[in-house]
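These are the residues of each chain, in order.
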Amino acid sequence: MLNINYFPENLIYTYTNSLTSALAKGQRYEKKGMINLNKKFLKLSLFFMAFLMSSAPFFAAVGQQPFVGGRLVVPLSADIHVLTPFEYGTTYEGYVLGHMYDSLVQYDVDNQPQPVLCESWWYNSTYEKWIFTLRENTFWHDGEVLDTADVYFTWTTFLDDPTISRRSWLYNYVDEITVLNATAIQVEFTYGPKPQDVLIEFADAWIVPEHLWNDKDVTTYANIENPIGSGPFVFEEWSPGQYFRLSRNANYYLDGPWVEEKILQIVPTIEAGFYALSVGELETLTDVPPELELVAQNDPNIDSHEYLDDYIMYLGVNHRRWPNNVTAFRQAILQGIDRDAIIEIAGFGRGLEAPASMSLPWGPYYDDTIPDYAYDVLAANATLDSIGITDSDADGYREGNGTELTFRLLVSGEYQQSVDTATIIASYMRKLGIEVIVEPLLWANVWKRIGGLGGTYAEKYDYDWCFAGWVSFWSDMHPNWAAWMFNEDLKWGSDNYNIPGWEGAYRTQVTDLTNEIMTETDEGVVLTKLDQVQHIIAQELPYIPVRVMGRIALYRNDSFTGWVKGPTTGLDNWESWLAVHLVEPEEGDGFQVMTAVIAVGFLLVGSFLLKRRRRLK
Amino acid sequence: MSVMDFFQRVYSPISGFFEEIYDFLSEILQKETIYKEIQKEDVFSQRISKRFLIIGFYPRISPLWYILLIIISLVNFWRNKRLRNYVLKKLFFAVIAYFIAIIVVFIIYHVLPGNPADLFAMDPRADPALRDALLQRWGLDQPLINQFFIFLRNLFQGDLGYSFLHKRPVSELIGERLPWTLLLLGSSFVISGVVGILLGSVVAWRRGSKLDTTFVLTYNVYNAIPLFFTGMIFIAVFGYQARINNWPFYFPILGGKTPWINIETSGFFLVLLDVLWHLVLPLTVLVIYGVLSWSWFMRGNLINVKTEDYIQTAKAKGLSDTQVLFRHGFKNALLPVITNIGMSIGGLIGGSVLVETVFGYPGTGSMLYEAILYGDYPLLQGSFIIIAGITLLGLLLAEIAYGFIDPRIRSD
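Listed in order, the protein sequences are those of chains R and S. Under numbering that gives the first Met the number 0, the first residue of the first sequence is numbered 0, with each subsequent residue one higher. Under numbering that gives the first Met the number 0, the first residue of the second sequence is numbered 0, with each subsequent residue one higher.
Chain S extracted, bound-state conformation (with noise of 0.2 Å):
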């Protein structure tokens, strides 16, 4: 079999998938008529490519091409030893940070006290002889460096554990309450980064403004107020005095979604709607917490970039205030948020335990809180090795993205 044919049967199913969605595309985002001229006029291909800014879109070219393509940025990238330095140094040291982590997270969760059988041990029906029987089940006998052991083996075999208390395996429990955690918190993350970094710009740029004053007013007295109570005051006004009150609107107060709403009976429209109509509160909440936040950081990062001589100069060209913020002041003082932006994504699996608690939202965080009040070790461990996971990764693309922008860094 020569190169090609294995690139031509490796990539004709990916070929295949791109033609679906390029279909799918059509259909929903061009009337047929309008699409048919522009197919004419061979541009439509050329706007999805350049609309979606990924080549795979464009599916009359073989995808040989797009090997092709991925090949040569792969070698430009290899041929520019200072950006290849750079990366491979990054990813050498998120690799040994991640096996540290992992070294890390094992310990702690074993000299922490408490454990499983203690859950047992505490019933006082339960029968006191039991306990050993459960640790010795559970290998909790062995000595520590042996659980270690057992450990790595099955974490390299993706083995994330099995959960003393739910008796499942770790990962098809965090895959159960991880969409929830992702929905609430995800969105909460990207809309609180987006509004966070652009309201932080502005109130930055206008440093002193009755807005920027507003602006940090609200910062600090939302900051002073705990999350528990702002998600309780949330409800006591939008849940139940709206409904008391016959307001026009009110959302639900506790859970994810309306137990009897289900796609068999209700198909996927409604319980989307029901979904949303559960989300608002928490998310809410959430982003009005992140979007401040976010903000803020963005804000001092601004004023302090304000304050370089490259922002006199650009003011001096006579350049207007929108284009001194936007090309010069918000690009630089974007570099700090892109870092947080990284490290704060390992954090979204982790949940929110305070408002899922308030609102009874399923999701990790609670999850994750309980196998800490049980001493479910391989629960815990399973979960902080992803977490941990994926803040190296976020991290690591982070750092790559810098290198890509500032040439400074990976010259450094």
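Same shape as in the complex, but just chain R (with noise of 0.2 Å):
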């Protein structure tokens, strides 16, 4: 067997043995010597360039930074409209935008805030003042430098117009915003919000060019023609209805993005995108069905990430209605619906239960020892039966109040998973002796029928039950969520919009207990008040929750790595994009050509001194 550790040493003594051997004959003199010695030269030199050649990219993936390069192409679901961070109205067109605007703070897999164009921030001790301090050296793509004016255009122009839609409700507690130096900048709030409203709601804004936009109305303005942003990828083109070509930015400031050029591919079905990632026409797609997540388990090149969304669907009861409005009547619907079995069948195995207190079941405001309403028939009937909900003319229904309990189930027809529920649940209830129909109909016409469009209008309210979703309003990461879900003196947790007709003592007592988490600045305090919002909530279900969404992305493995990857955070997440490199320096071209224009350029040195002392000599 060959020991390398020696080859090495005998190749040199073979050489330099060879080379004494030939001069000590006298050779060098002679025309056919100095041939053999050119000979034994040539050999050495190719040896060394096939040596450099087969090991270029070895000696490359050692010991240094991801290589730079690479063409990343990733899925878009659909086209976007608009490409202002004023006015995007579509997750993709955020995702899009996400690419190459920057904001001051932006939170990471670990949902932890990260500064990003600001260095650090500062609050004062009743968080009514904040200072944030930028970064040095950061600029536009177009070259320009970025500066705290551009920081205070963005905010003004929020602050100036309510109409604009990605305003965040903090601005109507904004008092002044102010430019201490090209690098600091201060907004005194009229309250002292929570640093999560703040650096959530606030600070992760993403930051506009005021050289370019100072011209512009916002609210009309598309920005799709050349969006100048100061993030990791740089513009190059939009085919509507195709594609978004990006580039790296190489002058960006935090370490990162290594991927030459990102590709957004619109990919509007599942099953085109899984045939295109199996052939290397895309390298991440997510939500594929468990058929073809089969499939890909069986591809080498491919693995899955799997992890859970900021998303929880339940079944909506409208309040205004007997018997939605009794307690006892929601607490039996839920302990009568096998929610693992929904999981297992409409949700292919994805996704948890979702706690009776719609809050997700992890983080630190999460509190575990609520009831959990477990799968139960003969306790949900015992129930039903104790509020005198009765099956009295033994026909398989239950009635009351003289006449045969019947919902009306709305459902999104969009979504075969919340169809697929909503019949599961309809299929429970028959085990309890209520009739439900499932009734597809477009999400529009949902939202519009459950109070979603506000105001007043002849449908609103118009239903019994819905099975919707719902944000958790970052119930894993601030402790203001209760308020934004449950508040009825706040937009979302008003009487409109999702609990439509929730009242009594708990509603108010609820609504009091997250009025005084608002403001309340003993984090121990907060998280006792929260506790007290979760019993109250998992005992009234004003809600009836179902799961929280779980989801499944896939990946290639044979060309790109370093994918950040979080339990509740998808994988093309924002730091992925700066994370994501080449596994090998691409193929051909570059290492080839440079390893064979050094050894050509040995060859040629050498022949150049060997000559030269020939001559000499």
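These are calculated hints, taken from the structure and not from any lab test. Ideal Cβ placement from N, Cα and C applies to all residues, glycine included. Treat each hint with caution, since some may be false.
Some chain S residues well away from chain R (every beta-carbon gap over 10 Å; in silico) [claimed, not checked]: (1) Phe-147; (2) Ile-243; (3) Asn-261; (4) Ile-399.
EDC-like mimics (lysine to aspartate or glutamate), calculated; alpha carbons at most 20 Å apart, straight line [what the hints assert, rightly or not]: (5) R/Lys-564 - R/Glu-292; (6) S/Lys-166 - R/Glu-224; (7) R/Lys-528 - R/Glu-487; (8) S/Lys-166 - R/Asp-214; (9) S/Lys-330 - S/Glu-307; (10) S/Lys-166 - R/Glu-92; (11) S/Lys-166 - R/Glu-236; (12) S/Lys-166 - R/Asp-160; (13) R/Lys-128 - R/Asp-214.
Both chains are given apart, each in its own frame, so use the hints to dock them into the complex.
Right, here's the structure in full:
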């Protein structure tokens, strides 16, 4: 067996030995001898060249930063309409914008705020005054310097126009914005909002360049021609209906990105996307059905990442209609649904049972002592009997107030998982003797019927039950989630929108508690009050929670690596944008050519030295 | 300024244009020597004229002659009272129909549920009060009749409206996607039309033969499979299997072109090849469907025509099958097909949502589908006004062609 440790020495010995013996034999003055010498040199050079070419990727891979290069193609489920940080409408637009624009602060996959454009922030003890200090030497993609004037312009634009659709509610409480110097900017609020409020709602807004936006009407400007930001990727091209082409921002102030070019390819269908992933046309794909997931498991070049989403699916009941307004009835309904089975069947085994408190079951604010309402048909039937909802005519269906109970369950027909879930819920209700008719509608109509449009109109609250989803308002990282969701004085927790008709002493108590939490600075007190809120909600069940959404992302492992994965974050997140890089340097081209050039150079220099030596001798 | 001066002035640029085309054609159609020889014989221009059937390609004649010819044609047409009345009647009804179409389009898209403000209202992070602000900003809070008059005024000024969703003029949006749609659906339409009509004629003429039976069976089977499913099968076979099994050829799965191949870096020819390469799968799916549909239609017409007395007469006169088919059967069976072609032209603008969705192909179909979902009225209105206009124009041209082809129609 070849001992590789001795191999180079042997080789050197062979070379030097043959050289010295040739010299000793006086062959150097003879033509034949010179040819022999050159042949040896040539052989060695060729060997060295081959060694260089074969080991170049290895040397390049050892002990250095990720390679810059490669073209990463990722899917975008739908096309965008506008690219303005002030008025974007869809998550897809937000996703594209995030590549090109930066905010002062960004939350990482562990839900921790990270400084991006700013290097630090400071707030006083009452949280009313905040100072953000920007990094130095940050630039827009067009080369202009980014400073606090741009931040001031962005924030005051939001502040001055209440009709801007992406304006945070927090601007209603902004007292003054002051530029302290080129890198420091101060914001004063009329009350002391929680740090999470300021960091999530305020400091994560994308900053736009003043020199390009100061003459624009931000409410009508689409910003699609050549969006200039300061983010990790530079806009190159948008082909409507097809793709976005972005290039690496070589002057980015953070480590990364390493990908030279990123293509956001519009992929309207999962199946076509899966074929594209399988043949390498795409690098990632999210939300594939289980049958395709199984296929992917057999492909050694495809890995998967399962994660939980900040989204809770619930059964909404109209409290304005009897018996939806009876707490025991709602409890019986929740106990009569096997939520595990729903996760297995409709959710392909992805996700978790949603806690009765509607809080995400992780993070610092979750109280895991709340009742879990495990599936128990007997208990559910007993509860229904106890409140007088019984099957008095023995036809298999319960009656209440002399009439047979029938509920129409609205569900968004666009989402098959939701329709499946609603159908399963209806089948469980039949076991309880309750007739449920599933009505799939366009989501716009469901939203309208459950009061989502606000104001007054004919169809408002014209429903019995609905199956819908709700963001959990960052309940895993923000103590004010309960206020946004349940406070009757705030927009989304009010009687409009999602819990029409929930009233009583508990409702008032939850509102008071969440108000107190909003201004409380003692974290211990906040936790205690949040626990109280969660227990009340779990007892009252204004919503009937079903499941926390779980998702899956597939990705190829043969060309790119470095994906940053979190338990509650998808694959293609902000951290991944900076971290993903090629597994190996790009094939051929650069490295091979470079190695060949070095080797040829070596040959030329060697030949020149030999000739020179011969002449001297 | 005399009338002649006017014509000279107006048509001199056109004359120059024709001369440029003439030079261009001279280069690409004929070699220098042949060209010279033919020019000596002074027959080349005649050939060109015959080939293109457009008098404009004959540059040696002064443009005034063209004008004269057009005037003479128009005068002749005008003097033909029946034809004139026929065309004017059709034109009048087309204008009326177009106006009604405009009203219907406007009303339909204002009584449909959902509106663009809901898009923002459904976002939990958006302020509910914002919805009212948006309605006001976009004029959606005004009475319907006011909105209609605003819409009409803009339309007559050539303004198709401003998309709420895209924050851009509707004409710009349509113009952006239309080339892709026309490339896909237009080429599919032409290939399907030509091949379909010929295939339909052949199978109808050989009704009951194995060819006919196979055709009928294929038509029914293919029609029973949804278009998106067929598209997926094509992707699975020619995009996926071909690549993993290292077939000598394969086709891309997504998009209308490769993002990193563009004219600046790769040159026009490579871009053209790339676009055609991406076109193959969606086009094939559409062409198969189109060929079968047009063939089926043509087959039905021709089978009916075959039973007519004049066909029997032609056969009795001793004409060959081919002569009977193309001189008597084909032309008469073609008349309803022409109407259908006229009606279908407008549909090209609407795109093909299913095929665009499956192949991720850019086009107007997916854009309009999205506009429906988000209630982007101006974009829908603008698109359907164009579609209605082109459909009516196609129908008008088809009916005028009818009038010229079939004397019975204009006499009616």
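Hints, one by one, checked against the model:
1. Phe-147: Nearest chain R Cβ is 22 Å from S/Phe-147, so the label holds.
2. Ile-243: 7 Å, violated
3. Asn-261: Given that some Cβ of chain R is not farther than 10 Å from that of S/Asn-261, nearest at about 8 Å, it is violated.
4. Ile-399: Since the minimum Cβ distance to chain R is about 36 Å, S/Ile-399 lies beyond 10 Å and the statement holds.
5. R/Lys-564 - R/Glu-292: Measuring from Cα to Cα gives roughly 18 Å; hence the hint holds.
6. S/Lys-166 - R/Glu-224: Holds, at about 12 Å.
7. R/Lys-528 - R/Glu-487: The hint holds at about 17 Å.
8. S/Lys-166 - R/Asp-214: 17 Å, holds
9. S/Lys-330 - S/Glu-307: Cα-Cα ~13 Å, so holds.
10. S/Lys-166 - R/Glu-92: 14 Å, holds
11. S/Lys-166 - R/Glu-236: 19 Å, holds
12. S/Lys-166 - R/Asp-160: 18 Å, holds
13. R/Lys-128 - R/Asp-214: 30 Å, violated
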